[in-house]
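Peer 1: Listed below are the residues making up each chain.
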Amino acid sequence: MPASNSAVTGSGHTSRFSLSPLTSWLRLSTSDGAENGLKRAHFDDWKLPVFLLIPQLFVLLLFFFIPSFRALIQSVQLTDPFGATVQWVGFSNFVRLFNSGPYWSSVNVTIWFTLAQNALTLGIALIFAFATNHVLRGTSAYRTVILLPYAIAPAVAGIMWAFLFNPRVGPIAQMIQALGIGWDPNRSGNQAIALVVMAASWKHICYNYIFLVAALMAVPKSILESAAIDGAGPIRRFYLISLPMIAPTLFFLVVINFVYALFETFAIVDATTRGGPAGATSILVYKVYQDGFVTLDLGSSAAQSVVLMTLALGLTLAQFRFIERRVNYSV
Amino acid sequence: MLEKTPVLDLICHLILLLGAALVCLPLYFVFVTGTLSQEEVLVVPMSRLPSNQFFVNLATILEKASFGRQLLNSFVVALGVTVGKLSISIIAAFAVTYFRFPFRKTAFWLIFVSLMLPIEVRIVPTYESAANVALPLNVLSTWFDLSGLFSRIAGRDVEVGLDWNMVNTYPGLILPLIASATATFLFRQFFLTVPDELLEAALIDGARPMQFFRLILLPLSRSNIIALGIILFLAGWNQYLWPLLMTTDLQMSTAVVGLKKLLPPPDGLPSWHLLMNAALITMLPPALVILVLQRWFVKGLIDSGK
Amino acid sequence: MKRFFRIGLVLTATALMPASAQSQTKIEFWHAMSGALGERVEELVKKFNASQDKYVVNPVAKGNYDEVLNGMIAAYRAKRQPEIVQVNERGFLTMIYSGAVLTAADLMAQNGYKTDWTNFIAPVVSYYSKDGKVQAMPFNSSTPILFYNRDHFKAAGFEKPGETWQELEAQMDAIKSKGASKCIMALPGDYEWSFLENYSAVNDLSYATKRNGIDGLDTSFVFNKHLVGQIERMKRLIDKGVMEIAGQGINPVQLFAGGTCSTIIASTASHAAVQAGAKFDWSAVELPYEKGVTPKNSVIGGGALWALKGHSDEQYKAVAAFFNYLASVDTQVWWHKATGYVPVTKAAYETAKAEGYYKTNPTREIAVIQLMRGTPSDNSLGFRMGNSNQINVGIMEEMQAAMLGKKPVQKALDDAVARGNDILRRYEQLHAGKQ
Chain A
1 MPASNSAVTG SGHTSRFSLS PLTSWLRLST SDGAENGLKR AHFDDWKLPV
51 FLLIPQLFVL LLFFFIPSFR ALIQSVQLTD PFGATVQWVG FSNFVRLFNS
101 GPYWSSVNVT IWFTLAQNAL TLGIALIFAF ATNHVLRGTS AYRTVILLPY
151 AIAPAVAGIM WAFLFNPRVG PIAQMIQALG IGWDPNRSGN QAIALVVMAA
201 SWKHICYNYI FLVAALMAVP KSILESAAID GAGPIRRFYL ISLPMIAPTL
251 FFLVVINFVY ALFETFAIVD ATTRGGPAGA TSILVYKVYQ DGFVTLDLGS
301 SAAQSVVLMT LALGLTLAQF RFIERRVNYS V
Chain B
1 MLEKTPVLDL ICHLILLLGA ALVCLPLYFV FVTGTLSQEE VLVVPMSRLP
51 SNQFFVNLAT ILEKASFGRQ LLNSFVVALG VTVGKLSISI IAAFAVTYFR
101 FPFRKTAFWL IFVSLMLPIE VRIVPTYESA ANVALPLNVL STWFDLSGLF
151 SRIAGRDVEV GLDWNMVNTY PGLILPLIAS ATATFLFRQF FLTVPDELLE
201 AALIDGARPM QFFRLILLPL SRSNIIALGI ILFLAGWNQY LWPLLMTTDL
251 QMSTAVVGLK KLLPPPDGLP SWHLLMNAAL ITMLPPALVI LVLQRWFVKG
301 LIDSGK
Chain C
1 MKRFFRIGLV LTATALMPAS AQSQTKIEFW HAMSGALGER VEELVKKFNA
51 SQDKYVVNPV AKGNYDEVLN GMIAAYRAKR QPEIVQVNER GFLTMIYSGA
101 VLTAADLMAQ NGYKTDWTNF IAPVVSYYSK DGKVQAMPFN SSTPILFYNR
151 DHFKAAGFEK PGETWQELEA QMDAIKSKGA SKCIMALPGD YEWSFLENYS
201 AVNDLSYATK RNGIDGLDTS FVFNKHLVGQ IERMKRLIDK GVMEIAGQGI
251 NPVQLFAGGT CSTIIASTAS HAAVQAGAKF DWSAVELPYE KGVTPKNSVI
301 GGGALWALKG HSDEQYKAVA AFFNYLASVD TQVWWHKATG YVPVTKAAYE
351 TAKAEGYYKT NPTREIAVIQ LMRGTPSDNS LGFRMGNSNQ INVGIMEEMQ
401 AAMLGKKPVQ KALDDAVARG NDILRRYEQL HAGKQ
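Those protein sequence lines, which keep their order, are chains A, B and C.
Just so you know, we're using our numbering here: the first sequence kicks off at 1 and counts up by one.
Just so you know, we're using our numbering here: the second sequence kicks off at 1 and counts up by one.
Just so you know, we're using our numbering here: the third sequence kicks off at 1 and counts up by one.
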C-alpha cells in the first residue's frame, strides 16, 4: 500500500533537537515517550502542517504579536492622541510612571485587592468543598447551584452587586444601614474596595470549588480509612491528610486567583465603581484602560501595559513551572 | 462516610444551604427588581416581592434599547469565538504534535507564548490593530515605497493604501478573541495522551494524515471538544472589555456591554427595573448551558486547569 | 480535508471612497447630547433636513463629551471620522493642534457665506477665536447658575438665596436645622467647572498663568494658592450633611428636580430637565461670590461644532450650510428656548428680549446676564489648556480625596496642580514650536 507520506514509527527514531534550557526548566515533555511534544508515531512532512498552522499563526500575528510589539514601541513614545505628532522619548514614560503617586496607589490597591479576593474565594470555596465532600445526599444539587455564578459575566455580577449595595436603593445596603452602619461606597474608599472584592469573590468561588471538590475526591480512601481507624475524626483527617494532599491544587488555585484578580476583574470595576472614589478601586488593569481610552495618555498606558505584560509572563511561567504535574481527577 | 457524624453532617448541610443562599439571594433580588414598574422602582425601600411587570419590561428593553439585537450579537460572538477557536486550534495542535518538520518547536513556542498575555494587558494596540488591520501592510508599503513604484509603472500618481477597519463588525469582535492559544495547548496535551498504536495501525492501513485526523482523532476528541466548546461559549458570551472597545454602535454591542448602557443615565430617571430585567436575560443562556451540559462543563473546567 | 479559513484576505482596495454620486449629500454629526437635550438635537437636525433638499445631516449620539472625543479620535485614526463633531469648550486646544480640523471662519468664507462673526456674543467669540479667527462653530454655550427650590427656602423663611457664599451657607444651615429639607445642595457632576473654574473667574482669581493659558503653551496651574477656602467650604458642607454627593447611578440634577435637594449649581442647560421634572416652585439666581468681591463674569461651558478634515468639497458645502442654519436668528431663538443654552448671537438675544420672553421666563436670562457682566479681567476670559480631559480626571481625583477627608486640602490642591502641570508640560513638549 503506497503511503504518500512517509511516516516514522517505532522508538528508534528520536528527536534531534536538543532540549533548550528553558524547555527543561519548564518540563514540558509529557507521557508516552513523546519527546518535546512530538508523538513517537508521527508524520514526516512539512507542507501539510504548515498549511494547518497558518490560520492560528496568522491570527496570532495580527492580533497578538503585532499589538504586543506596538505596545512596546508606544511605551517609548510621546503621542498626540490624533496620531499626528509622535516623539521618541526613551524611558521617560516609565520614569514618569514609577514616579507618579497615582500609579503606586494603584499598585497598592491591586495588591490588597488580589490578596483579599484570593483569601476570601479560596477560603469559602474550601469550606464548601469540604462540606460537599462530607455529606452524602444532595451533593449534585448543591454543586449545581453553587456552580451557577460561572454563567454570569463579571460585568453582570458587578452590576448586580452595585445595585444590591447601592446606598440609596439597594436591598442589602438597606439591611446594612438598618444595622446602623453608614454604608456609602461613593464616600468611603474602603467600602468601595470591599464591594468590588465581594463581587469578584462571589463570582469566582465556583471555579475554586469545582477544583477543590475534585481534588478532595481524589484523595485515596485507603489513607483516610486507616486514619479513621487510628481514631482521627473527619475534621482532623481533613487538615492532617486531605489538605496536604491537595496542596498542588491549592497552589494552582492561588495562581489562578491572582490571574483572575489582576486581569479579569476589569469588568467588575468598570460596572461598579469605575476606579473611584478618588482612585480607591483603580486596579492596574483598570488604569491601563483609563489612561488609554479615557484620558488618552497613550504613552503612560503603553508603559503600564509593558509592566503588566512582564507580570503576566512571570505568573504564567510560575504556573507552568510549579503546577506542571497534576493528579488525575475523577469527575 | 467512615463514621456517623450527625452533628457535623448537619453543620455541613447548613453550610451548603448557606452557600446556595449566597448564590440565590442576589439572583432573587435581581429577579424581583426586574419585575417592578418604573414607579415601584422609585419607592424607597424597594419592594422585596415580585411584581407583575416582567414581560412589560422585557418588551421595553427589546424595543427601545435594541436589546434583542444585542442578544443576537452575543450569540453570534459566542458561537463565532467557539467555532473559530476550536477549529483553528485543533488543526494547529494536530500539526504541532503529529508532524516532524523544521521549526516545529519554534511554531509551538510562538503559540505557547500567546498564552502568557491576556488581552487586557494589550488593549490599546490590539484595538489599533483591529481598527486598521492592514496597518502592517501599510507600513511595509511605505518602507518599500509601493506608491512610488506603482506611480512610476502607471505613469501617474498612484497611492497604495489598504484600509481594513474592523470596528463595529463581527470579525472585529470575534477574531482578536481567538488569538490566544489556550485551546491549542489543551488539544496538544490531549493528543499527547493518545496511544501511538492508533496511528501505527492507521498507517498500516495506508491512512493519510487528514484521514487519520478525521476518522480517528476527531471522534476520540469529541468529549474534549464539547467540554472546551462549552467553556469557550461561556467566555465568549460573557466578554466585556473587548466588545466595549470594539463597538461604538449600540446595534453592534453585545448584551453584556449593552447592560452598561442601561445603567441609569445622567439625564433621566433611574431605570433599575429595566437594567435588572436585562441582566437576568443576559444570564439565562449561559446558565442554561451549564445546567443542561453540567457534566461536560465540569470536565472541561478541570481539563483546562491541567 | 481543508478546514475553512476564517480569515479571508478580502481587502477593500481603496482607502477612501469618494462620496458616491447621490442626489443628496449626506454628512454625519456626532454629538454628546443625551436625554431631553438629545431629543432637541434630533428635532433641530430634522428641521434643517426638512428646510432644504440638497443636504442630509445624520445626528449620532455618541455618549458624553469624553466618549465623543475618544470615539472621534479613534475614528480619525481609522480614517472613519464624521464631518461634524461636537466637542466641549475645554477641548479647544486639543482640537486646534490636532491637525484634524478646518477653521470654521475659513470654511464659511470658502463656501460663500458672509457670516457676521461680530454678531456672536463676546464671551463666545473670545473663547473660540485664535489669531482673530473663530475656529469652531459656536453651538451650545452655557454657564453655571444656582437653581433653588423656592418652597424649601420659603419654609425656612428666606425669599431667595443670598448673593454671597457666606450668606448662602448661613441660609443652608438654617434650612437644614429647621428641617425644611434633608439635602440642601447636590454636588454637581461637573463641579470642577462650576465650583473651581467659574469660582475663580467670578472672584477674579488666577487659575493658571498666562491668562489661563490663552497666551501660550507654557502656562502653569496656580489655583492651589486661591482655592483652599473654597475646597474647605465644600468639605465642610459635605461633613455637615448639607451637601450631598450623588454617586453612581444617581443624577445630581435629578436630585434637585425630584425635590430631594434644595439647591444645585448646574449648567443653565439643565433648564430642560428641571422644567420637565420639577413639581414644585423653583427659580434660579446668579452664582454666589465671596463677600467683599465685585463679581466678574462667569465663563462659558457647553460645546461647539468642529468640521473635520478628510472629506470632499460637496460634504463641506453641506457642513457650511448646516452651520449657517445654526447661526440664524430663528434657529438660535428656538434652540435657546427649547434647551436653556444661551443664545450665542446678539441678534437672537435681542429678539428673545423683544418678544418679552424673559418677562415670562426670567431664569432664562440669568446666564446671559452673568456671562456679559462687567468687563472681563485676565482671569475671566476663558481657559485654554491642552489635554484638558486628562487634567480634569487628575484634578477631580485629588478634590475627591480632599472632600472625603483622605488628604489635607492644601496637599490635595498642591498635588492636583502638580499633576496638571505635568500634563501641561508634556503637551507643551509635544507641540513645541506651534503657535
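Careful: at least some of the hints might be erroneous.
Simulated pairs of lysine-lysine, DSSO-like, Cα-Cα distance not exceeding 27 Å [to be verified]:
# : chain 1 : residue 1 : chain 2 : residue 2
1 : C       : K353      : C       : K114
2 : B       : K261      : C       : K353
3 : C       : K26       : B       : K64
Partner residues aside, some chain A positions facing chain B, computed with beta carbon under 8 Å [stated by the list, open to error]:
#  : residue
4  : S105
5  : N108
6  : A119
7  : T144
8  : N190
9  : I193
10 : F211
Computed list of chain B residues with no C-beta within reach of chain A, every gap over 12 Å [what the hints assert, rightly or not]:
#  : residue
11 : S47
12 : S89
13 : I231
Hints listed in this document are in silico derivations from the structure and should not be mistaken for laboratory results.
Glycine residues also receive a C-beta, built at the ideal position from the N, C-alpha and C atoms.
Peer 1: Against each hint, give a clear statement of whether it holds in the structure.
Peer 2: Now for the hints, and whether the structure bears them out:
no., hint, in the structure
1, C:K353 - C:K114, "holds (25 Å)"
2, B:K261 - C:K353, "violated (40 Å)"
3, C:K26 - B:K64, "holds (26 Å)"
4, S105, "violated (20 Å)"
5, N108, "violated (19 Å)"
6, A119, "violated (17 Å)"
7, T144, "holds (6 Å)"
8, N190, "violated (22 Å)"
9, I193, "violated (19 Å)"
10, F211, "holds (6 Å)"
11, S47, "violated (9 Å)"
12, S89, "violated (7 Å)"
13, I231, "violated (9 Å)"
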